[in-house]
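J.: Next come the chains, spelled out residue by residue.
There are 2 protein chains.
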Amino acid sequence: MSGTISDNEIISRLQKLSISHPEVIEHAPVKGGAEWKAELDKVGHGSVALTKTLLFKPKTAKTAAPTPVLVIALESTETPSSILGNHLNLKELRLASEDLIKEVIPSAQSKDDVSSLALPSIPSTLHVCLDSALASSSEAYGVHLTSSSKTVLLKGTDLKSYLESLTSGGNVQVVDFAALKAAAPAPSAPASASKPNAAPAAAARTPAAKKDEDLYEMAIQYKKEEDFPGWYADVLIKGQMLDYYDVSGCYILRPGSYTVWQYIQSWFDEEIKKLGVQDCYFPMFVSKAKLEKEKDHIEGFAPEVAWVTRAGSSELEEHIAIRPTSETVMYPYYAKWIQSHRDLPLRLNQWNSVVRWEFKNPQPFLRTREFLWQEGHTAFLTRQEAADEVMEILDLYAKVYTDLLAVPVIPGKKSEKEKFAGADYTTTVEGFIPTTGRGIQGGTSHHLGQNFSRMFDIVVENPDRSVTENDGKIHVYQNSWGLSTRTLGVMVMVHGDDQGLVLPPRVALQQVVIVPVGLSKTEGKNGEIYDACSKLEKTLIAGGIRAKADLREGYTPGWKFNDWEMRGVPLRLELGPRDIAANSALAVRRVDNHKAPMPLDGIAETVKAYLEDVHERMYEKAKAKYDSCLKTLNNWEDVVPTLDAKNVLVLPWCEEEACEDMIKEKSASQANKGVAEDAKAPSAGAKSLCIPFDQERFGPFPDGKDQKCIQCGKPAKSWTMFGRNGVLSAWFKSVRV
Amino acid sequence: MSGTISDNEIISRLQKLSISHPEVIEHAPVKGGAEWKAELDKVGHGSVALTKTLLFKPKTAKTAAPTPVLVIALESTETPSSILGNHLNLKELRLASEDLIKEVIPSAQSKDDVSSLALPSIPSTLHVCLDSALASSSEAYGVHLTSSSKTVLLKGTDLKSYLESLTSGGNVQVVDFAALKAAAPAPSAPASASKPNAAPAAAARTPAAKKDEDLYEMAIQYKKEEDFPGWYADVLIKGQMLDYYDVSGCYILRPGSYTVWQYIQSWFDEEIKKLGVQDCYFPMFVSKAKLEKEKDHIEGFAPEVAWVTRAGSSELEEHIAIRPTSETVMYPYYAKWIQSHRDLPLRLNQWNSVVRWEFKNPQPFLRTREFLWQEGHTAFLTRQEAADEVMEILDLYAKVYTDLLAVPVIPGKKSEKEKFAGADYTTTVEGFIPTTGRGIQGGTSHHLGQNFSRMFDIVVENPDRSVTENDGKIHVYQNSWGLSTRTLGVMVMVHGDDQGLVLPPRVALQQVVIVPVGLSKTEGKNGEIYDACSKLEKTLIAGGIRAKADLREGYTPGWKFNDWEMRGVPLRLELGPRDIAANSALAVRRVDNHKAPMPLDGIAETVKAYLEDVHERMYEKAKAKYDSCLKTLNNWEDVVPTLDAKNVLVLPWCEEEACEDMIKEKSASQANKGVAEDAKAPSAGAKSLCIPFDQERFGPFPDGKDQKCIQCGKPAKSWTMFGRNGVLSAWFKSVRV
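If you read the protein sequences in the order shown, they are chains P and H. Throughout the first sequence, residue numbering follows UniProt numbering, covering 1 to 737 in sequence. Throughout the second sequence, residue numbering follows UniProt numbering, covering 1 to 737 in sequence.
This is chain P alone, in the form it adopts within the complex:
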């Protein structure tokens, strides 16, 4: 095998072969498909279909020269090494060592850089296996150049020509992996007519197969603690919550995530209706005139507004915006509908999507160009009624997190600096992502006072005619409050682990999966097990539990375990001959992998209680973590080290904005200075997250009169939470830049 190939050499090889391709895309180095996808997404190529290139080493005599196998396949093609080994008559294929990689592809710095384009040549000792689905496709796919930070788009057929041009003793084998896989499992038993799926081939493998090399590519590729953004993207995709989309910043919400949103919707909607709120739907379009009517309000949104300027082939006379939020859409109608105090309160809510065309890096659920939310907009005769509602709604938001998503939050008030522009005050439920030590705003309920009613002239006669102030007129008191699909991102980040998603049972698409185990290779022997699984599924569904029996043929129990673990199903019930004999199932709890038999008698009731217990365990676990990271400090010296240790600070603060700014500035600069040796240290300063309503939990204050503001030393007014924020973005920055 010959010398190192450069990117330029690859390009000139392509030119020689007259293979046209778009420009080379540069991005941050990536590990694996999910991260690659995420990086391409950032630079506007999120929809590119990807390839994967894997180098395997078969078992050979130690003295023999290695005969490595290079597999180039669609990212979505399963390429089990055992089956490929059988096909090539090679034993025990294992992923190649870095040494072997450098031998085959000298330009590669690590396994992430393995790319077939950088092969110097294809000698007879190298097996090159090209996925037939890729070889025959005239679609363009992403392939790396010499490193994982550059991507070129090539048609499958062109890639094939390219590889064939490199043969020098060896050759390029086109392999139909799907066919190999279908043909592979030894027991060729045709399924019985009455129960076609009853005897899955290869199902005899034991759970141990889970750690098989076949699962290597399928499992989550990142450790949550080591590469949080990579892990996050990987669990979302492999856990089937979402998929990338070919409009940057937009994602497909698959049933795994959308259903969680529906449970949130359904619960919250019922609760607000009990309060007297009604749902409505305003158009997604806003005229330029309406949008720009309130200059101050729109200023913040203007750079992100998407404009429709054309319909069919007609240019529109007036450009039309897609709503970024609905204040200026709705309030002119409030002015019309509210003619008298008898029309109050007016309490409307919308479930819709809004569009904010952000140009920063998109992040699934946290920063997307279109997102789903609810927005409540209400109007009252008195400030007190409005203020009461603010808290009622905030309480519901807290319950969405604690009671549905098993995520702890702390309700409080935003500082003047951090409140919603246009609000008298903003209340919030603050969440926490332990992995990054960052706070995250979970949902906000604003009291708008009369700020918008004055702008939009929403006014009624004072029913108390003795009042002559303001000509006897009252501008109504308004609130607005919103909760978005960001909730789903928080849920994933708080609960997920290295095996994948961990879903809280009350909102999980599937609450229970039933997997048949201990299957016999002998045809027709497994009917009883399959029947027992189906029966159990029916029993649980009849009991109101979202259960599914996974009777897919051709997958080992281990493969299935892994699959459902990635998807975060709270409870797995394994059912095999011994379980059936013992009239029980083996219950495996996702959150802690706890295993115990569960009697089949009365199982629906048992499972219900079990799932409630799972919810409690998940909540308690997350709450214990949050609580342990809430650090009450009184000395400034402790601030930066405590932040660096991924904590949220609870500081005595005078509530002056100058102090708030100073805390941010000082904690940022000291962070940079103090821990310069750790390149990954987040350098952002701490900003105020909220002033918790429950002050008492943090000790005898504000009664303790001697308590001083940690920054200025003047009397403190409250315990206030401070922390670094930007859950993913700051982290992205810290690990990538």
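Just so you know, not all the hints are guaranteed correct.
No distinction is drawn between identical chains; accordingly, a pair holds when it is met within one copy or between any pair of copies.
What the hints assert, rightly or not - Straight line, CA to CA, 30 Å or less: simulated DSSO-like cross-link-like pairs of lysine-lysine:
1) K521 to K91
2) K535 to K273
3) K274 to K608
4) K238 to K290
5) K52 to K473
6) K224 to K664
7) K360 to K290
8) K525 to K181
9) K155 to K290
10) K548 to K399
11) K160 to K621
12) K473 to K181
13) K42 to K52
14) K399 to K274
15) K360 to K288
16) K336 to K290
17) K336 to K52
18) K288 to K52
19) K273 to K399
20) K623 to K417
21) K290 to K57
22) K419 to K273
23) K160 to K336
24) K31 to K336
25) K160 to K473
26) K360 to K273
27) K273 to K413
Calculated directly from the structure, the hints in this document are not laboratory data.
Mind docking chain H on chain P? Use the hints.
T.: Just chain H, lined up with the frame of chain P:
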């Protein structure tokens, strides 16, 4: 009073006063605000705020000269003539006769043309009362010129200057109607502290007040049978189902309509989930490349696609479409997600909104630029499974109409000509609007065969490996099915009457309204009645009934009856001293105004049964009407007269397209010829609506072998429904052009 004023004279008067105004808007003549709004909406000015101009005549001695009162007010201002009369010291104001109108404003042809702009002058005998809300406003409002077919936009302050320029002995009085109204009711009793709303002023009026002149402007202005489009717009606005919006073709769905949609959503979603369908959400944006990938499919939508070309101040490099439907959005991902027959069936549904930028006249619910719907997209291994689902879904659509909306529909198959482009076949539930005699498609469920899976390459290995056909691959079988907010339009058109909406109880926002009656003028005497109403409200709500006690002060019972009738509340319970003494309430059924006492003991259960009975009555009434308009014909001569009598035809048909075309052509031309004397006769030909699945109800056919196609005389294959369609558009055309 002097001579006739022309439009040109008005314009030149404005110029003399240096009053600037945009161009005059021309439109069809209108009667009242709803129709005016609708006409302005058609020409892109739907958001214009309107004025109203009313001429009243007070009671004077017959021999005395009349002293008419001209009121110019915001459309939304209530201008009760009794209160105005008190204010002006004039007796019994009544709307003026046409003779008096022509005397005051000689250019006016009818009361619809009354406009203050066309006043020759303001003599001392004319009282001109200008709404203070209008007089002080610098917003622009719509005002007519000399006729109701022309609108000019004037600022309120400019209108005031204009009128003041016309004074010639008389003057312009600015009147604060809201203040008058608030001050008017005689009993000045201040509300008691403990129960501020307990003794509403003016509440002593009897139900007879309902027919008072005060209600004149508030009630529905059109007869359903006389002016269907005017009636439709009026009931939607006054029934508070929707409001106009300042982007043409878009409407605000107020709680009255959106909640109906939510009940449909909630019921249908639960049903499809039982079938195994899952919900998801795809982005609203589609890249140009994806949208245009399938040329044939997009061809029909292309002229109506809305394009986003700009975000903030940046021009987008690639223009992005807003989905008009989601086939090309979703199916590329189906190709990715479906890798094996084990991934089948894939059954996804979306609740979303789609945008079709139509340039035809918009019609609320029936033709809007953005509309809400669900779109189901499913994929199966076999044609049979897909075909079974088509019918399961169609059955659910039928139940949405019959079981939720109390609207009869007929399930059937569309002809080849009328099926969805790209489908193997289309099934439909066909509704009927008796007032226009038109059929309306209620919801469609399509079997797409392999048409899209071939385009998008959605393919799996055949699990039966003995099959070698097509290389052992199977393109999946697909369905798509959709139901939109059009359902709401059909519901309104079928059930509404001259008093307003009539809502089917299972989906009504409010099922029961409780109105206190027989109130005493004496302070503090009505507490018992109000308490009884509140208690009854609580009892019903606790029983799961959507009940509301209308305790608004300052409105007569009659006013409230009218208000809730317009909104279509199925059941009104009146509660007064006599009712309380008899331990009962007076139950008034909206659908037929039937009245009977209802005992208060066990009333929640009684009301539940009562509402179920209301549903049945509404359904039976609508079904009897539909059935009576389904005319089985065998002779061609009967076709046109039967169509003209607002029927749907059931014809024996050979199922050949040529015959279908001929039926349409012949029925159109004969209609035009035959009934030329009636200018309102709809002239469209009859097209095929559907081939009902239940053929037997129409008699011994297709067994009767002698049955011949009504058009060609060859053997007929089925009874097929034919009718004119275009529920509102054709009707609009026929009455307006």
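J.: Taking the hints in turn, state whether each one holds.
T.: Hint check:
1. Taking the shortest alpha-carbon separations for K521 and K91, only the intra-copy value of 23 Å comes in at or below 30 Å, while the best inter-copy value is 100 Å.
2. Taking the shortest alpha-carbon separations for K535 and K273, only the inter-copy value of 20 Å comes in at or below 30 Å, while the best intra-copy value is 39 Å.
3. Taking the closest pair of Cα atoms, K274 and K608 come within 30 Å of each other both inside a single copy (27 Å) and across two copies (20 Å).
4. For the identical chains of this complex, K238 and K290 are inter-copy neighbours only, at 24 Å across copies versus 43 Å inside a copy, given an alpha-carbon limit of 30 Å.
5. With identical chains, the CA atoms of K52 and K473 are at most 30 Å apart between copies only, with a shortest distance of 24 Å across copies and 69 Å within one.
6. Proximity of K224 and K664 under a CA criterion of 30 Å is satisfied intra-copy only: 28 Å inside one chain copy versus 67 Å between copies.
7. In this homomeric assembly, K360 and K290 come within 30 Å of each other (Cα to Cα) both inside a single copy, at 27 Å, and across copies, at 24 Å.
8. Taking the shortest alpha-carbon separations for K525 and K181, only the intra-copy value of 23 Å comes in at or below 30 Å, while the best inter-copy value is 86 Å.
9. Within a single copy, K155 and K290 get their C-alpha atoms only as close as 48 Å, which misses the 30 Å cut-off; across copies the closest is 18 Å, which meets it.
10. In this homomeric assembly, K548 and K399 come within 30 Å of each other (Cα to Cα) both inside a single copy, at 28 Å, and across copies, at 28 Å.
11. For the identical chains of this complex, K160 and K621 are neighbours neither inside a copy (52 Å) nor across copies (70 Å), given an alpha-carbon limit of 30 Å.
12. Taking the shortest Cα distances, K473 and K181 sit within 30 Å of each other only across copies (14 Å), while inside one copy they are farther apart (77 Å).
13. For a Cα distance limit of 30 Å, the shortest separation of K42 from K52 inside one copy, 20 Å, qualifies, whereas the shortest one across copies, 55 Å, does not.
14. With identical chains, the CA atoms of K399 and K274 are at most 30 Å apart both within one copy (15 Å) and between copies (28 Å).
15. Taking the shortest alpha-carbon separations for K360 and K288, both the intra-copy value of 25 Å and the inter-copy value of 23 Å come in at or below 30 Å.
16. In this assembly of identical chains, K336 and K290 lie within 30 Å of each other by CA distance solely inside one copy; the values are 15 Å within and 42 Å between copies.
17. In this assembly of identical chains, K336 and K52 lie within 30 Å of each other by CA distance solely across copies; the values are 15 Å between and 60 Å within a copy.
18. In this assembly of identical chains, K288 and K52 lie within 30 Å of each other by CA distance solely across copies; the values are 28 Å between and 47 Å within a copy.
19. In the homo-oligomer, the alpha carbons of K273 and K399 lie at most 30 Å apart both inside one protomer (16 Å) and across protomers (26 Å), since each shortest distance falls under that limit.
20. Taking the closest pair of Cα atoms, K623 and K417 come within 30 Å of each other only inside a single copy of the chain (28 Å); across copies the shortest separation is 62 Å, beyond that limit.
21. Taking CA atoms no more than 30 Å apart as the test, K290 paired with K57 passes in neither setting, with 66 Å inside one copy and 40 Å between copies.
22. Only within a single protomer do K419 and K273 lie at most 30 Å apart by alpha-carbon distance; the minimum there is 27 Å, versus 41 Å between protomers.
23. Only between protomers do K160 and K336 lie at most 30 Å apart by alpha-carbon distance; the minimum there is 21 Å, versus 67 Å within a single protomer.
24. Proximity of K31 and K336 under a CA criterion of 30 Å is satisfied inter-copy only: 22 Å between copies versus 57 Å inside one chain copy.
25. Taking the shortest Cα distances, K160 and K473 sit within 30 Å of each other only across copies (23 Å), while inside one copy they are farther apart (78 Å).
26. Taking the shortest Cα distances, K360 and K273 never come within 30 Å of each other, neither inside one copy (37 Å) nor across copies (37 Å).
27. Proximity of K273 and K413 under a CA criterion of 30 Å is satisfied intra-copy only: 25 Å inside one chain copy versus 40 Å between copies.
Violated hints for the displayed structure, listed by number in ascending order: 11, 21 and 26.
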